[in-house]
Amino acid sequence: MAGTFSFDAPDRWNAFLHRQETVGYGDGALGGLPVAVKDNISTAGLPTTCGSRILEGYVPPYDAHVVTLLKAAGAAIVGKTNMDEFGMGTTTENSAYGPTTNPADPGRVPGGSSGGSAAAVAGGLVPAALGSDTGGSIRCPAAFCGIVGLKPTYGRVSRYGLIAYSNSLEQIGPLAATVSDVSRLMAVIAGYDARDSTSADRPYAHTPSAEIRGTRIGVPAEFFGEGVDEAVGERVRDALAVLEHLGAEIVPCTMPSMAFALAAYYVTCTSEASSNLARFDGVRYGPAVDTKKQWHAAFRELRGDRFGNEVQRRIMLGTFALSAGYYGKYYAKAQVARKAVRDDFARLLRDVDVIAGPTMPTTAWRLGEKSDPLSMYLSDILTVPANLAGVPAISVPCGTVNGLPAGLQIIGRHFEDERVVDVGFAYEQEVRR
Amino acid sequence: MVSETEINDIANLADISIPKEELGTFTAQFNSILEYFDLLDAVEAAPSEGAGRYNIFREDIVEPSLDQDAVLSNPGASEDEFIKGPRVM
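For the record, the sequence lines run as chains G and F. Counted from 1, the first sequence has number 372 at position 372 by my numbering; the numbering is strictly sequential. Counted from 1, the second sequence has number 35 at position 35 by my numbering; the numbering is strictly sequential.
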């Protein structure tokens, strides 16, 4: 039955940027289920800032398609969650409104950029949340906080109303404590939307099954290579042994395109960001510019003042990569490299049903521990390939290292989100027994 | 390697003002990232233009959109039912 409730649980992790004190809900598949929404997903009447001061005070006049679907299914939208500014980061420390902390250890980062959504779920504030994943931004915080996160196949969930950062890579997806709850949310948000030109007519109506006998699981050597913490690798190998015990076949393989996947990813996402973020000039949304100055002077000053360092860096990297003299060296090469990643996945997924490995190379690090941008970028190495190829990928908790959660990542063929969910579900059911 | 002057030029192109005191750190970090991007030098061929692409434009049909009050609810300044921007000249 439709109704309202108060949402006033203490937020010790700075997971929320905006909360509704009295929340309405309807009837339906998610009737009364509290759901938190990442702050780059538009919500009519609720502030939406992308974790940025440049959108401070912005209240969208419309709902993102996924929010419309959640409301139609009866879900209660309890508020907007903290994030790295415009989704640029791996820790949720890059928010203009302060970092989110990790419920598993408040001295550590929750991962990013959907760190607020992951902390809200892991901290028990909500049973489910929406995030967005451009290079791992759902799977990374899911792994660091010890919950489940799914990046659906590109195009399977409408991005209408998602404030764009890198359109060709990003995808909205669910986070929850269990695979079943992630699957339940996915069933509501997936499907065709004419307002997203990349939308695919592939609804998701699936009940997770733990029957995975005969499933062939490819394990690329590169997923356990340089930079991957030995203990994290060990936990993931234990998880693969559990899947093998359940009747899956483990197939060692290699993925040579991993050598340049990360560089291709960062050139692509910064290039797209430089174009997408050009619209933030203080004229149409966000705080007003000083109109006494000329257009570009006012524009430059506002963007210098209101964008954080990481956003400025990525816009400038993209501007540089797309400039006349460097386009061939960076952007064009990145697109060739991206195709090589896609081809690698296609080749591997002809022989195996899914690919598995760690989600993140390490467990969550301490707040402030990584201040060098490049070292932060390098930690995305295992998650970005799925975004470059547009294939579905899930992160499922697979034990702990020194008390901190580690994540098992399962990557599948295009539009086989159901299969990655099943493999994750089979593992989860077995270890919970 | 790009110099601080070039960083300033890129910042101007991107409409971002970088404070002088941050320029050195910014340039150093920018260069270390560009050095990493050099991995792409190992990638050989360029993609063939337009291969496998086709037009997916839909018919241009007028559909209901946001009303004017909703559109003007966010801009910092408006005048005569238009969004007011800074002067250009």
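Because the hints were derived from the structure by calculation, they are not lab data. Don't take every hint at face value.
[As the list claims (entries may be wrong)] Pair by pair, the computed Cβ-Cβ distance ranges are: (1) 323(G) to 25(F): 19 to 25 Å; (2) 82(F) to 72(G): 31 to 37 Å; (3) 59(F) to 336(G): 31 to 37 Å; (4) 82(F) to 209(G): 53 to 59 Å; (5) 254(G) to 69(F): 16 to 22 Å; (6) 57(G) to 23(F): 38 to 44 Å; (7) 252(G) to 60(F): 51 to 57 Å; (8) 278(G) to 72(F): 18 to 24 Å; (9) 72(F) to 72(G): 44 to 50 Å; (10) 52(F) to 98(G): 41 to 47 Å; (11) 287(G) to 81(F): 19 to 25 Å; (12) 98(G) to 57(F): 28 to 34 Å.
[Said to hold, decoys possible] Here are some chain G residues pointing at chain F (derived, C-beta under 10 Å): (13) 58; (14) 59; (15) 60; (16) 267; (17) 270; (18) 284; (19) 290; (20) 293; (21) 301; (22) 307; (23) 313; (24) 318; (25) 321; (26) 368; (27) 370; (28) 372.
Bear in mind the structure is a predicted one, so any value in this text is a computation, not a measurement. Don't be surprised by glycine CBs; every beta carbon is placed ideally from N, CA and C.
Each hint, compared with the structure:
For the hinted restraint 19 to 25 Å between residue 323(G) and residue 25(F), the CB-CB distance of approximately 22 Å keeps it satisfied. For the pair residue 82(F) and residue 72(G), the supplied restraint of 31 to 37 Å holds, since their beta-carbon distance comes to about 35 Å. Checked against the hint of 31 to 37 Å, the C-beta distance between residue 59(F) and residue 336(G) comes to roughly 34 Å, which is consistent with it. In this structure the hint that residue 82(F) and residue 209(G) lie 53 to 59 Å apart at CB holds, the actual value being about 57 Å.
Against the hinted window of 16 to 22 Å, the Cβ-Cβ separation of residue 254(G) and residue 69(F) comes to about 58 Å, which falls outside the hint. Taking 38 to 44 Å as the suggested C-beta distance range, the pair residue 57(G) and residue 23(F) does not conform, at roughly 30 Å. For residue 252(G) paired with residue 60(F), a C-beta distance near 53 Å keeps the hint of 51 to 57 Å intact. Distance hint check for residue 278(G) and residue 72(F): the Cβ-Cβ separation is about 22 Å, which falls inside the suggested range of 18 to 24 Å.
Checking the proposed 44 to 50 Å range against residue 72(F) and residue 72(G) shows it is violated: the Cβ atoms sit about 28 Å from each other. A beta carbon spacing of about 46 Å between residue 52(F) and residue 98(G) agrees with the range 41 to 47 Å that was offered as a hint. At roughly 21 Å, the beta carbons of residue 287(G) and residue 81(F) sit within the given window of 19 to 25 Å. At about 43 Å, the beta-carbon gap between residue 98(G) and residue 57(F) misses the expected band of 28 to 34 Å.
Residue-level restraint check for residue 58(G) holds (minimum Cβ-Cβ distance to chain F is 6 Å; threshold 10 Å). Checking residue 59(G) against chain F: minimum C-beta separation of about 7 Å stays under 10 Å; hint holds. Hint status for residue 60(G): holds, given a least beta-carbon distance of 8 Å to chain F, under 10 Å. Hint on residue 267(G) holds. Least Cβ distance to chain F is approximately 6 Å, under the 10 Å limit.
The interface hint given for residue 270(G) is met, as the beta carbon of that residue sits about 9 Å from the closest beta carbon of chain F, less than 10 Å. For the restraint placing residue 284(G) at the interface with chain F, the shortest Cβ-Cβ distance is roughly 5 Å, inside the 10 Å limit, so the hint holds. About 8 Å separates the beta-carbon of residue 290(G) from the nearest beta-carbon of chain F, less than 10 Å, and the hint is met. Taking 10 Å as the C-beta cut-off, the interface hint given for residue 293(G) holds, the closest approach to chain F being about 6 Å.
Because the closest C-beta pair between residue 301(G) and chain F is about 6 Å apart, less than 10 Å, the hint holds. Because the closest C-beta pair between residue 307(G) and chain F is about 7 Å apart, less than 10 Å, the hint holds. Contact between residue 313(G) and chain F, as hinted, is supported at the beta carbon level, the nearest pair being about 7 Å apart and thus within 10 Å. Nearest Cβ of chain F to the Cβ of residue 318(G): about 8 Å, under the 10 Å cut. The hint holds.
For residue 321(G), the interface hint holds, since its Cβ comes within 10 Å of a Cβ in chain F; the closest pair sits about 8 Å apart. Because the smallest distance between the Cβ of residue 368(G) and any Cβ of chain F comes to about 16 Å, over 10 Å, the interface hint for this residue is violated. Annotation: residue 370(G) was flagged as interfacial toward chain F, and the flag is violated, the nearest CB pair being 13 Å apart, outside 10 Å. Of the supplied interface hints, the one on residue 372(G) holds, with its beta-carbon coming within about 7 Å of a beta-carbon of chain F, less than 10 Å.
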